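Colleague: With the hints as extra help, turn the sequences into a complete structure.
Chains as they are written, first to last, in this note's numbering: chain A, 760 to 1071; chain B, 392 to 610; chain C, 5 to 253.
The set of hints was computed from the structure by calculation and includes no laboratory data. You may find that some hints are simply not true.
[Claimed, not checked] Pairs of lysine-lysine residues, derived as DSS-like cross-links and limited to a Cα-Cα distance of at most 30 Å, are as follows:
hint : chain 1 : residue 1 : chain 2 : residue 2
1    : B       : 610       : C       : 128
2    : C       : 234       : C       : 185
3    : C       : 70        : B       : 533
4    : B       : 610       : C       : 234
5    : C       : 15        : C       : 79
6    : C       : 128       : C       : 62
7    : A       : 770       : B       : 610
8    : C       : 15        : C       : 234
9    : C       : 128       : B       : 533
10   : C       : 79        : B       : 610
11   : C       : 62        : B       : 610
12   : A       : 770       : B       : 501
13   : C       : 15        : C       : 62
[As the list claims (entries may be wrong)] Covered stretches of chain A (in silico footprint by chain B; criterion: 3 or more residues with CB under 8 Å from a CB of chain B, positions within the stretch not fixed):
hint : stretch
14   : 857 to 867
15   : 1052 to 1061
[As the list claims (entries may be wrong)] Simulated DEER-style distance windows between Cβ atoms:
hint : chain 1 : residue 1 : chain 2 : residue 2 : range
16   : A       : 1063      : C       : 174       : 21 to 27 Å
17   : B       : 430       : A       : 924       : 29 to 35 Å
18   : B       : 534       : C       : 66        : 45 to 51 Å
19   : A       : 784       : B       : 430       : 24 to 30 Å
20   : A       : 784       : B       : 451       : 35 to 41 Å
21   : C       : 232       : B       : 527       : 43 to 49 Å
22   : A       : 1062      : B       : 427       : 57 to 63 Å
23   : B       : 542       : C       : 221       : 47 to 53 Å
24   : C       : 119       : B       : 610       : 17 to 23 Å
25   : A       : 961       : C       : 75        : 30 to 36 Å
26   : C       : 127       : A       : 941       : 55 to 61 Å
Bear in mind that the values here come from a model prediction, so they are computed numbers and not experimental data. Idealized CB from N, CA, C, for every residue including glycine.
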Amino acid sequence: MHIPDGFIDGKTAAVTAVISAVGVGFALRQVRRELPPRRVPLLGLSAAFLFAAQMVNFPVAGGTSGHLVGGTLVAALLGPSAAVVVVTTVLIVQCFLFQDGGVLALGANVFNMAILNSVIGYMIYRMVCHWLTGIRGRVTAIAFAAWCATVLAAISCAGQLAWSGTIPWSVAFPAMATVHMFIGVGEGLISALVFLAVCRARPDLITETTLTGQPQRLGELVRYGLLATLGVAVFVAPFACSWPDGLDSVAEKFGFGHKMAPLLPAPAPDYHVPGIHWAVGATAVAGAAGSLIVFALALLMGRWLVPKPKDL
Amino acid sequence: MPCRRPALQFQTEGPVSVHLVNHHHGQPDSLVYRLSAALKLGLALVIIVVTVLAPVQWRAWFIGVAVLLVLTAWLSQLPLFFLSRRLLVLSPFVLGVVLVNAFQPAGRAKWMAVAVKSVLCLLTVILVSNTTPFSQILRVLKSIRVPTLLITTIALMHRYLFVLMDEAERMRRARASRTFTRGQRFHWQTLATVVGQLFIRASERAERIYDAMCARGWK
Amino acid sequence: MNTAIEIADLKYRYHDGTEALRGVSFCVAPGECVALLGPNGSGKSTLLLHLNGILPEKLSGDGTVKILGEPVAPKNLETIRRQVGLVFQDPDDQLFCPTVQEDVAFGPQQLGLGDAEVAARVQKALAQAGLADFGRRATHHLSHGEKRRVCLAGVLACEPAILILDEPTSDLDPRGRREFKALLRQIPATKLIATHDLELVVELCSRAIVLDRGSVVADGPVFELLNDEKLMLEHGLERPHILRHQHPH
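Modeller: What follows is the structure in structure tokens.
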């Protein structure tokens, strides 16, 4: 999902760069505040870990292979802000050392994979952990959260491509979303398995202990949530409007009203090509159905991987 | 458009790190290598920004940049095979855009613009990153006020990247040597355990690094 | 000051409750080169980490450690760490900077020295370690032997009075071992070396302390101890070949 340079235009690059800078800046401040000095090298090592882990190819049927992206996994292990910093680090090194992902596109890539993926993944993980307790619950939670985060990041990426005019939304959204609904299954599965392995061997290394009901995270999550919503509103909402509602009512719902209208691009003629129109709606329905299916699968996986504890 | 990250390729015998094929250590005696990192990065940024923003009609700009890059590539003494292989990474992306826009009225101009821009930008980054030691790149980032915590994290990641990749490869080989079944599920579980172990080792190493930093007076 | 290192009745437990050190006591005089021997798991590394205050994580009053007469306590860790240079077992843990120059400069910089002084110390330390033109090399590209020497240089740059080494020659090929031993021989600081390399012990050290299961089981001149075959075998060691074919001086 690393967008190369030239695939997003100037305005998209600029807007994503600003949003990402704010998000990463906030994450750094948060990490500085809550991480004990002893754990500072852990950030760099986790980034190296993530990169090395991405090298491990999990064989999938048919000779293809899946691999871990890991934002949600790191968020579950170290907390959302640490995950943002870690994944941003990975993206920067990938960009400058291995030319994976563009320089100007860094803002977009960081937004999709470091911020959106880690934070939304974490939020969903926490929510599910709240309902389903115990290790089993955590396994289910992380599998489902990783899947959702992957799909959402892909949708955001599609939105950025569409906003740049590189690929129209009606093609980008169905393509990216459906492909990543499948890729996300692998991500969810691997994240859960790895999390379980760490949980069993060295649970003390998991610095993010979610089940102690820490309300402090709320302020942090609200701020990230706002940032994510802003991003989504800019990149996705204008296109989600190819639904009967229309651009104006969506803009009003989000409260931007007319002052945002000049910034939002006028839909290009191909958005109204009748044949392609259904693909978007169909994808949305598939996504909703998919998330229910994946959640059920995650539940089953939790049961299968974690034997029922003898003492409750 | 499916996004496939290119997998790194290794020529492995012994430590993975030194034989990483996607990165070249650069020819230290080439002219380009000796230029200052700040100059190279600044110039690269200007080229990338203008290339991305430039309208399709600015042919002179694209041609000029292409000439400059080819000249730089020649001066850098980086192997041509290496350069072309790195550029080929773009092909699935470009192909995707081509396919999508092929059936549009204004499609041809659009996909050609995307193809040209992305190739030029990628070549710029390839040239800079393979002729500049990473620590110098970090120093430039530090001078533009990137926060210290992020710089430290990036530096540590870069330092231990290869160490962890070696560990991952060694663990994987050790596991593979003791894998006699062909079951898919078992395979996944094994790989997941390897990755889990990798995190544990990384965490333990992080603590030892902290101790080593304190031992030399870090506060 | 007549002792460089003074340890009295040191005890330590791991997190899971196992006793790592059970009342270790010994002294090291300034300028001495002492070997710390013992089988794997005897507690050597744990003991060494007490000498610059990394352990214990919390003061528990289980025994005392004094460096140059000063007890090791949270309030004087800074001065202790200036005097004690610890070379870790895994050079990858210690070499955390991207280039050799930066890594060797780390210690002097933390000492608060000026740029010119830091550069001078780096040059001197690298020369001492036989790595004079290694400054610009990237740390992750070095061979194992080179990494070990850079670690030593990084510690020497701080000019400590006491040098402590944890398994300095393990994983080195014979040439690497020879070179490292030659380096160590030239360093005048007080040395405490935890090692399995019995030939190194015979060549460099005057005194040996044997640690087994957290207790000191022997403490005496090298030749006497290492020639005691029964003692060596009992504690997971062996009489080194170099002594079998040598006349004791």
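Colleague: For the pair we were handed, residue 770(A) and residue 610(B), check the Cα-Cα distance against 30 Å.
Modeller: Cα-Cα ~43 Å, so violated.
Colleague: Using the C-beta atoms of residue 232(C) and residue 527(B), is the stated range 43 to 49 Å upheld?
Modeller: violated, 56 Å
Colleague: Please test the hint of 55 to 61 Å on the beta carbon pair from residue 127(C) and residue 941(A).
Modeller: Since the Cβ atoms of residue 127(C) and residue 941(A) sit about 58 Å apart, the hinted range of 55 to 61 Å holds.
Colleague: Under the criterion that the straight-line Cα-Cα distance not exceed 30 Å, is the pair residue 15(C), residue 234(C) satisfied?
Modeller: holds, 27 Å
Colleague: For a C-alpha distance cap of 30 Å, please report whether residue 70(C) and residue 533(B) respect it.
Modeller: Violated, at roughly 41 Å.
Colleague: Hinted pair, alpha-carbon criterion (30 Å max): residue 234(C), residue 185(C). Please report holds or violated.
Modeller: Cα-Cα ~27 Å, so holds.
Colleague: Holds or violated: the 35 to 41 Å window for the beta-carbon distance between residue 784(A) and residue 451(B)?
Modeller: Holds - the Cβ-Cβ distance for residue 784(A) and residue 451(B), about 39 Å, lies within 35 to 41 Å.
Colleague: Next pair to validate is residue 610(B) with residue 234(C); report whether the Cα-Cα distance is within 30 Å.
Modeller: It is violated: about 47 Å lies between the C-alpha atoms, which goes past 30 Å.
Colleague: That 57 to 63 Å hint for residue 1062(A) and residue 427(B) (C-beta), does it hold up?
Modeller: About 59 Å separates the Cβ atoms of residue 1062(A) and residue 427(B), which means 57 to 63 Å holds.
Colleague: Holds or violated: are the alpha carbons of residue 15(C) and residue 79(C) at most 30 Å from each other?
Modeller: holds, 21 Å
Colleague: So the hint says 30 to 36 Å: do the beta-carbon atoms of residue 961(A) and residue 75(C) match that?
Modeller: holds, 34 Å
Colleague: Does residue 128(C) pair with residue 533(B) here, judged by a C-alpha cut-off of 30 Å?
Modeller: holds, 28 Å
Violated hints for the displayed structure, listed by number in ascending order: 3, 4, 6, 7, 15, 16 and 21.
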